[in-house]
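Participant: In order, the protein sequence lines correspond to chains A and B. Start counting the first sequence at 10; every next residue gets the next number (my numbering). Start counting the second sequence at 10; every next residue gets the next number (my numbering).
No wet-lab data here; the hints were simulated from the structure. Remember, it's a predicted structure, so these values are computed and weren't measured experimentally. There may be inaccurate statements among the hints.
Which chain B residues stay away from chain A? Per the calculated CB distances, all over 12 angstroms, these [what the hints assert, rightly or not]: (1) Gln29; (2) Ala35; (3) Gly152.
If you want a taste of the chain A side facing chain B, the calculated C-beta under 8 angstroms gives, among others [said to hold, decoys possible]: (4) Tyr104; (5) Met130; (6) Leu165; (7) Pro340; (8) Ala341.
For every residue, glycine included, the Cβ atom is placed at its ideal position computed from N, Cα and C.
There are 2 protein chains.
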Amino acid sequence: MTPPGGFPDTEYRARLDRAQAMMAQAGLAALLLTTEADIRYFTGFLTRFWESPTRPWFLVVPASGSPVAVIPAIGAALMAQTWVKDIRSWRAPDYDDDGVSLLAEALTERAGAHGVVGVPMGLESHLRMPLSDWHRLQARAGGLAFRDDAGILRRLRAVKSEAEIARIRAICGIAGRAFARVPEIAGAGVPLDRVFRRFQMLGLEEGADWVPYLAGGAGTGGYADVISPAGPRPLAPGDVLMLDTGMVRDGYFCDFDRNFSVGPPDAATAAAHDRLIDAVDAAAEIARPGASAADLFHAMDQLLTGGQGSAAGRLGHGLGMQLTEGLSLIPADHTRLEAGMVLTLEPGLELAPGRIMVHEENIVIRDTGADFLSPRAGRGIPVLEG
Amino acid sequence: MTPPGGFPDTEYRARLDRAQAMMAQAGLAALLLTTEADIRYFTGFLTRFWESPTRPWFLVVPASGSPVAVIPAIGAALMAQTWVKDIRSWRAPDYDDDGVSLLAEALTERAGAHGVVGVPMGLESHLRMPLSDWHRLQARAGGLAFRDDAGILRRLRAVKSEAEIARIRAICGIAGRAFARVPEIAGAGVPLDRVFRRFQMLGLEEGADWVPYLAGGAGTGGYADVISPAGPRPLAPGDVLMLDTGMVRDGYFCDFDRNFSVGPPDAATAAAHDRLIDAVDAAAEIARPGASAADLFHAMDQLLTGGQGSAAGRLGHGLGMQLTEGLSLIPADHTRLEAGMVLTLEPGLELAPGRIMVHEENIVIRDTGADFLSPRAGRGIPVLEG
Numbered sequence: 010m011t012p013p014g015g016f017p018d019t020e021y022r023a024r025l026d027r028a029q030a031m032m033a034q035a036g037l038a039a040l041l042l043t044t045e046a047d048i049r050y051f052t053g054f055l056t057r058f059w060e061s062p063t064r065p066w067f068l069v070v071p072a073s074g075s076p077v078a079v080i081p082a083i084g085a086a087l088m089a090q091t092w093v094k095d096i097r098s099w100r101a102p103d104y105d106d107d108g109v110s111l112l113a114e115a116l117t118e119r120a121g122a123h124g125v126v127g128v129p130m131g132l133e134s135h136l137r138m139p140l141s142d143w144h145r146l147q148a149r150a151g152g153l154a155f156r157d158d159a160g161i162l163r164r165l166r167a168v169k170s171e172a173e174i175a176r177i178r179a180i181c182g183i184a185g186r187a188f189a190r191v192p193e194i195a196g197a198g199v200p201l202d203r204v205f206r207r208f209q210m211l212g213l214e215e216g217a218d219w220v221p222y223l224a225g226g227a228g229t230g231g232y233a234d235v236i237s238p239a240g241p242r243p244l245a246p247g248d249v250l251m252l253d254t255g256m257v258r259d260g261y262f263c264d265f266d267r268n269f270s271v272g273p274p275d276a277a278t279a280a281a282h283d284r285l286i287d288a289v290d291a292a293a294e295i296a297r298p299g300a301s302a303a304d305l306f307h308a309m310d311q312l313l314t315g316g317q318g319s320a321a322g323r324l325g326h327g328l329g330m331q332l333t334e335g336l337s338l339i340p341a342d343h344t345r346l347e348a349g350m351v352l353t354l355e356p357g358l359e360l361a362p363g364r365i366m367v368h369e370e371n372i373v374i375r376d377t378g379a380d381f382l383s384p385r386a387g388r389g390i391p392v393l394e395g
Numbered sequence: 010m011t012p013p014g015g016f017p018d019t020e021y022r023a024r025l026d027r028a029q030a031m032m033a034q035a036g037l038a039a040l041l042l043t044t045e046a047d048i049r050y051f052t053g054f055l056t057r058f059w060e061s062p063t064r065p066w067f068l069v070v071p072a073s074g075s076p077v078a079v080i081p082a083i084g085a086a087l088m089a090q091t092w093v094k095d096i097r098s099w100r101a102p103d104y105d106d107d108g109v110s111l112l113a114e115a116l117t118e119r120a121g122a123h124g125v126v127g128v129p130m131g132l133e134s135h136l137r138m139p140l141s142d143w144h145r146l147q148a149r150a151g152g153l154a155f156r157d158d159a160g161i162l163r164r165l166r167a168v169k170s171e172a173e174i175a176r177i178r179a180i181c182g183i184a185g186r187a188f189a190r191v192p193e194i195a196g197a198g199v200p201l202d203r204v205f206r207r208f209q210m211l212g213l214e215e216g217a218d219w220v221p222y223l224a225g226g227a228g229t230g231g232y233a234d235v236i237s238p239a240g241p242r243p244l245a246p247g248d249v250l251m252l253d254t255g256m257v258r259d260g261y262f263c264d265f266d267r268n269f270s271v272g273p274p275d276a277a278t279a280a281a282h283d284r285l286i287d288a289v290d291a292a293a294e295i296a297r298p299g300a301s302a303a304d305l306f307h308a309m310d311q312l313l314t315g316g317q318g319s320a321a322g323r324l325g326h327g328l329g330m331q332l333t334e335g336l337s338l339i340p341a342d343h344t345r346l347e348a349g350m351v352l353t354l355e356p357g358l359e360l361a362p363g364r365i366m367v368h369e370e371n372i373v374i375r376d377t378g379a380d381f382l383s384p385r386a387g388r389g390i391p392v393l394e395g
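Could you put together the complete structure from these sequences and hints?
Facilitator: What follows is the structure in structure tokens.
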């Protein structure tokens with residue numbers, strides 16, 4: 010049975026097996042999961058309905074046996090199309106008891122009355138349920154001990170299966186085709202917010218299911234930041250335009266960007282672009298099992314700042330069911346790369362105060378080294394009509 | 010100063026004044042906010058960067074004086090374009106201290122060493138930071154007492170200003186124009202997933218900044234559910250197609266749907282569509298200050314099930330900075346409507362087991378009654394090429 014946009018059962022069974030081995034080691038009787046990516050990881054439950062924050066969703070992963078979904082009735086029919094057989098639902102929102110007693114019962118049943126329940130509590134995690142209900146749950150399931158999941162979800166999700174890698178490669182290809190068509194929609198005189206809208210349309214036309222993320226900027230010889238919404242200012246000759254997108258197909262993200270020069274670039278812009286490409290190459294060169302996240306940071310930073318450390322913070326991160334997930338390319342991250350890890354290489358340069366350039370590619374770690382998932386950009390910044 | 014996509018300072022000052030009046034009444038020395046909508050409500054900080062779950066963001070709203078933003082350095086330049094002057098940032102992610110001590114200091118400074126800090130803990134809320142950091146914060150700011158925010162954020166955000174209503178009306182108009190163009194992209198033989206992609210493109214072309222939400226379904230005489238992703242099955246004569254979208258412009262959502270018949274509808278489909286329209290009319294008729302959310306539910310439910318209660322759960326909800334927010338049209342919600350509340354009317358019918366139809370419109374409550382923000386659909390289901 011393959012749920013809409015999901016994988017065959019074997020994929021989820023393999024994930025469950027790996028999780029249960031880690032749970033045994035960590036002494037956990039169950040995992041309690043509440044977020045979209047964590048729940049989908051074990052079930053294949055794929056829907057954009059998570060955009061509504063009203064209803065909580067729960068998955069109980071026991072130390073042995075199959076997962077139990079404790080979810081609002083509105084999702085029961087879709088969950089029934091996954092391999093999860095034990096689905097318990099209530100009509101949400103219920104102001105008296107929004108799934109809490111149903112969840113307490115499922116946890117107690119699967120973890121035992123005094124079991125230890127792992128909940129992702131570390132970096133990048135959050136508990137997607139009201140704190141008041143979290144407190145109620147702890148009171149209601151009084152014998153259970155709730156602890157950190159010992160990083161199990163983070164470790165599991167960091168290493169992708171071939172099926173997952175194929176998904177990420179597919180969406181990278183889609184975004185790559187959209188980037189190749191940017192000259193159709195952008196050039197001197199076109200307002201940046203119009204470029205943003207048209208670029209999202211290109212992504213959809215090329216096959217993205219949706220475009221959860223688009224950021225970027227445009228300015229003379231660089232842009233001020235990479236998170237602001239697009240304004241109505243028209244592109245002008247001499248601008249550097251950057252578009253950075255996280256598109257999704259069948260639940261997996263790409264996350265890479267491209268820079269463009271509006272009209273011929275000046276020498277500084279051309280050189281900066283090529284330095285970013287060289288930095289990506291330097292990291293890709295050493296990206297293989299055994300190297301650390303910090304090693305990749307330093308390889309890029311050496312070329313970018315001569316080893317001074319980048320103000321931009323991190324120079325890349327893990328990627329998969331979320332736009333960003335898992336490791337960070339920063340000096341403090343000593344995670345050892347493993348085959349199957351998917352990450353972004355994202356070097357940045359400050360050309361002048363308030364003028365930056367950022368470049369980004371997506372790779373998967375293979376035993377033989379870096380395998381590019383995004384259609385690798387070369388030296389020579391692409392030029393738009395100026 | 011108006012931040013990109015935001016409002017003039019006066020809007021945020023008015024919100025702060027109302028919040029501080031409520032905080033005085035509730036005995037709160039400060040509010041601690043962690044989610045996109047809550048932080049944007051007081052600041053105007055608008056970015057799609059929230060798609061990345063890696064970094065936590067914090068806003069401290071003191072009982073008197075101005076808000077303090079405690080945020081990752083990557084957002085400092087954009088926050089500086091808002092009216093918030095006190096911005097404290099760190100280079101995130103920091104594995105040793107991801108903003109916790111900075112936040113503890115800001116809270117202690119603004120709430121006093123033994124102040125009571127309100128955090129949204131009720132229905133529909135969540136704490137967007139790792140639980141482990143939440144525990145660290147409580148240990149670090151040991152004298153502070155963290156309590157529920159007494160529903161302050163929920164109550165504040167429920168009643169929209171004229172500036173907010175204008176935003177919601179604008180995006181409703183954009184989606185309405187996209188819906189009017191559905192005959193250009195859908196008809197017998199077109200796969201549903203292609204319709205989904207093309208519809209999002211129409212929304213962008215008509216002026217949406219992005220399309221965070223699109224759901225729907227298609228099937229003979231109704232659809233099975235409204236949250237599944239679209240599959241490749243081509244539309245066929247006799248299908249009912251439904252598209253339900255949450256598009257965004259300048260940070261505000263619409264949330265409404267339209268049904269279409271592929272080829273001429275049969276009598277049951279035509280009648281069901283008109284019954285949904287009548288249900289909307291019945292609710293709109295009584296939607297004015299003083300009526301309750303439950304009253305609107307019952308007005309619709311009477312027409313839909315003869316008062317048996319709908320299996321669909323709720324028949325509408327609040328709307329604004331989120332796809333769904335605030336009140337629910339369910340029997341248990343006795344919230345009194347107030348002028349300025351924006352909500353959806355969303356009646357549903359089960360035509361046969363596993364065959365439903367849902368219709369949705371958006372209204373704002375005025376002293377004189379319901380004012381439609383979505384271009385109100387009439388009786389007579391629109392027909393696509395069959």
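Participant: Min Cβ distance, leucine 165(A) to chain B: is it shorter than 8 angstroms?
Facilitator: Hint violated; leucine 165(A) Cβ to chain B Cβ min 16 angstroms, cut 8 angstroms.
Participant: Would the least Cβ to Cβ distance between glycine 152(B) and chain A come out above 12 angstroms?
Facilitator: 20 angstroms, holds
Participant: Against chain B, run the beta carbon of proline 340(A) and see if the smallest gap drops under 8 angstroms.
Facilitator: Status violated, d = 10 angstroms.
Participant: Any Cβ of chain A at or closer than 12 angstroms to alanine 35(B), or is the non-interface label fine?
Facilitator: 15 angstroms, holds
Participant: May I ask you to test the interface hint for methionine 130(A) with respect to chain B, counting a Cβ-Cβ separation under 8 angstroms as satisfied?
Facilitator: 4 angstroms, holds
Participant: May I ask you to test the interface hint for tyrosine 104(A) with respect to chain B, counting a Cβ-Cβ separation under 8 angstroms as satisfied?
Facilitator: 5 angstroms, holds
Participant: Would you settle whether the hint for alanine 341(A) is holds or violated, based on the nearest Cβ-Cβ distance to chain B being less than 8 angstroms?
Facilitator: 5 angstroms, holds
Participant: Mind verifying the non-interface call on glutamine 29(B)? Its CB should be farther than 12 angstroms from each CB in chain A.
Facilitator: At about 23 angstroms from chain A, glutamine 29(B) clears the 12 angstroms cut-off, so the statement holds.
Consistency with the previously given hints fails for numbers 6 and 7, ordered from lowest to highest.
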